[in-house]
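Novice: Sequence:
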Amino acid sequence: MKPVAARLSAILAILVVTLSSVRAAEAERSAAERHFERGFFLQVHERNLEQAAASYKAALAEPDIPAELRSRATYRLAQVQEDLAAADFARLMPPDCLGYAELVEPGKHIERILSMMQLTGNTEPAAAAGAKPEPIKLGNGIYLPADFTVSPALIAEVSKLRGIAAGITGITEQGRPQGLVVFHAGDCDLVRGIVETAVQVLEPVESVEGFKTYRVQDFGYLVVSTRLVLLSDSREQLVAAIGRLRNPQAASLASSEKFRRAAAEAKGSLAFVFVDGQRAVERFAPQLKGSEGAMVRALLDLEHLESFTAALTTNERGLQLRARLSLAEGHHNMIYALVRTAPATRRSLTHVPANAAGVLLVGLNPADPNPTSAPPTPGAPPPISAMDIGRELFHNIEEVAVFASAPAEGSQPLPEIAAVIAVKDVAKSEALWNQILTLASIVGARQAKPPADVSIEGAAGRLYSFDGFPQVAIVRGPRELIIGTQAAVAASIKADRDRQSIATDPAFAPLLARLTPDTSKALLVDVGRAVAVAAAMSVPQSRELKSIAPLVRDLKVSLVTDEAPNQFTITAEVSGLPKFRDIHALLRAQGKPGRVAADK
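Going by our numbering, the sequence shown opens with residue 35, and the numbers climb by one from there.
Incorrect hints may have been included.
As the list claims (entries may be wrong) - Calculated pairs, DSS-like style, for lysine-lysine (alpha carbon to alpha carbon, straight line, at most 30 Å):
#  : residue 1 : residue 2
1  : Lys580    : Lys301
2  : Lys194    : Lys171
3  : Lys166    : Lys194
4  : Lys171    : Lys580
5  : Lys301    : Lys142
6  : Lys580    : Lys166
7  : Lys483    : Lys555
8  : Lys91     : Lys246
9  : Lys246    : Lys194
10 : Lys555    : Lys194
11 : Lys166    : Lys613
12 : Lys246    : Lys292
13 : Lys483    : Lys580
14 : Lys613    : Lys292
15 : Lys580    : Lys613
16 : Lys301    : Lys194
17 : Lys301    : Lys555
18 : Lys142    : Lys292
19 : Lys580    : Lys462
20 : Lys458    : Lys555
21 : Lys171    : Lys483
22 : Lys171    : Lys91
23 : Lys91     : Lys166
24 : Lys528    : Lys613
25 : Lys528    : Lys458
26 : Lys613    : Lys142
To be verified - Across the chosen pairs, the derived CB separations fall in these ranges:
#  : residue 1 : residue 2 : range
27 : Thr472    : Thr538    : 31 to 37 Å
28 : Tyr109    : Val608    : 29 to 35 Å
29 : His366    : Val608    : 16 to 22 Å
Honestly, the hints are just simulated from the structure, not real lab data.
All values derive from a computational prediction rather than experimental measurement.
Don't be surprised by glycine CBs; every beta carbon is placed ideally from N, CA and C.
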């Protein structure tokens with residue numbers, strides 16, 4: 035026991051001496067050094083810029099701070115202050131910008147896209163044991179392996195980039211933009227080093243606020259600050275920008291209420307564009323002269339044009355592009371009035387089957403505030419006239435949903451298509467569309483065939499024949515008409531009866547959930563199903579279409595318009611991006627037919 039006790043005593047003694055040494059060293063370090071080290075840790079490791087700035091200021095406030103440490107703390111504080119000021123590029127832009135664009139943190143979005151495509155290496159379980167797919171030979175000694183990934187080191191380095199922004203204050207008579215460009219390399223030292231090295235070959239001129247300044251031939255001036263590179267056609271713009279950099283409370287584009295409203299909805303986007311409607315009109319309206327200019331002013335009501343914005347972003351689903359035109363209250367924009375229709379109620383979608391390849395939804399007229407469901411009544415249909423055609427389009431039809439799905443087994447190699455027309459007066463609509471289809475069948479057939487009565491899924495309807503085309507059926511529902519191929523009409527009736535519409539389809543439910551109360555038109559496509567439909571048509575390209583089916587099996591595309599009284603928004607979204615391994619398999623199949631199936 036004595037040897038053990040002796041060893042423990044020795045260890046305790048060593049620990050006491052070590053701790054004493056650490057405390058002594060800590061005591062010897064000055065307060066300025068402690069503040070500086072804390073600021074460095076907060077800046078570099080924690081990215082807590084506010085607290086880092088406070089620590090650097092505390093270090094500089096110490097009266098006995100050494101000159102070398104003062105220089106380092108001053109430089110680090112300038113870095114932090116510039117990073118804080120450039121957290122929002124709009125705070126550096128002049129307040130009178132007529133246009134603005136930015137690209138922010140591209141690495142974060144690139145990594146997200148690569149991850150969706152399974153190119154980051156950690157997005158899919160290891161492949162089952164078996165033969166590994168052969169790499170594809172791209173050239174002399176160059177190959178593309180099936181397990182190709184982008185290096186995490188490269189992704190990490192690109193993710194350090196902060197971004198670039200440009201504010202346009204005007205355009206010269208020669209068409210050259212005027213304004214300010216700001217580039218922030220972030221913590222990507224490689225890019226920063228390349229830029230800071232390359233600018234030295236430019237012509238040096240008098241510094242701006244103490245920062246190195248260069249002349250850029252045929253454009254203007256360039257300033258390299260502690261963290262930023264600023265470029266402008268005007269030296270005065272650069273002086274003002276440095277002033278805003280040092281004083282975040284100074285007037286800037288970010289202080290504009292109009293800009294703040296527009297930018298708030300684009301927060302976190304990869305790219306963002308803003309155009310101030312009134313400033314743009316002030317700049318370009320004088321060029322609208324004569325009768326043509328007066329017509330443009332009357333049609334677009336330029337005095338009420340507020341702004342245009344566009345934002346490109348990524349999310350857990352894929353990519354989204356949103357463009358929005360905002361108009362001031364009381365506008366009389368006739369072009370928008372012609373485009374705008376009533377919001378879609380989406381009640382027609384209950385008749386769209388869950389296996390549809392795509393659907394086009396169009397809202398036309400306001401919904402009936404007091405809807406009624408009238409069953410068909412025996413006897414002659416209600417009388418119709420030519421005026422009923424206009425009344426049908428501009429009053430009776432509330433919305434239309436057109437869908438397509440794969441052809442039924444044993445039928446013609448054409449997609450099954452139908453339109454679900456939600457109406458106010460279903461009896462009038464039935465009489466009108468039966469008349470239209472009767473005339474169309476007479477014109478579209480060499481030997482006119484009278485319409486035939488038919489029962490589809492227990493619903494009475496009529497069937498019309500055409501030369502070279504599938505027969506077209508029309509069935510009346512309680513508040514809608516269904517017109518299309520017989521199989522599509524049957525699927526539509528079953529979808530509503532069995533509650534198995536696209537609202538219950540996992541492929542479409544997420545897209546439908548993102549429609550808003552202002553949504554008037556929407557195109558939703560399951561690309562995988564659409565390719566399968568096209569391949570089933572036995573066109574010459576069907577073999578190629580079948581080969582790309584694995585790539586797009588999860589791909590969804592949507593295009594939606596939201597048409598509020600003072601806002602017109604178009605949103606395009608792509609989700610379910612192709613996986614790299616499927617792309618690799620397709621490339622191998624094209625080079626060696628039949629190998630993909632064998633590998634799988």
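Novice: Please name the hints from earlier in the document that this structure breaks, with their numbers sorted from lowest to highest.
Specialist: 1, 2, 3, 7, 10, 12, 13, 14, 19, 21, 22, 23, 24, 28 and 29
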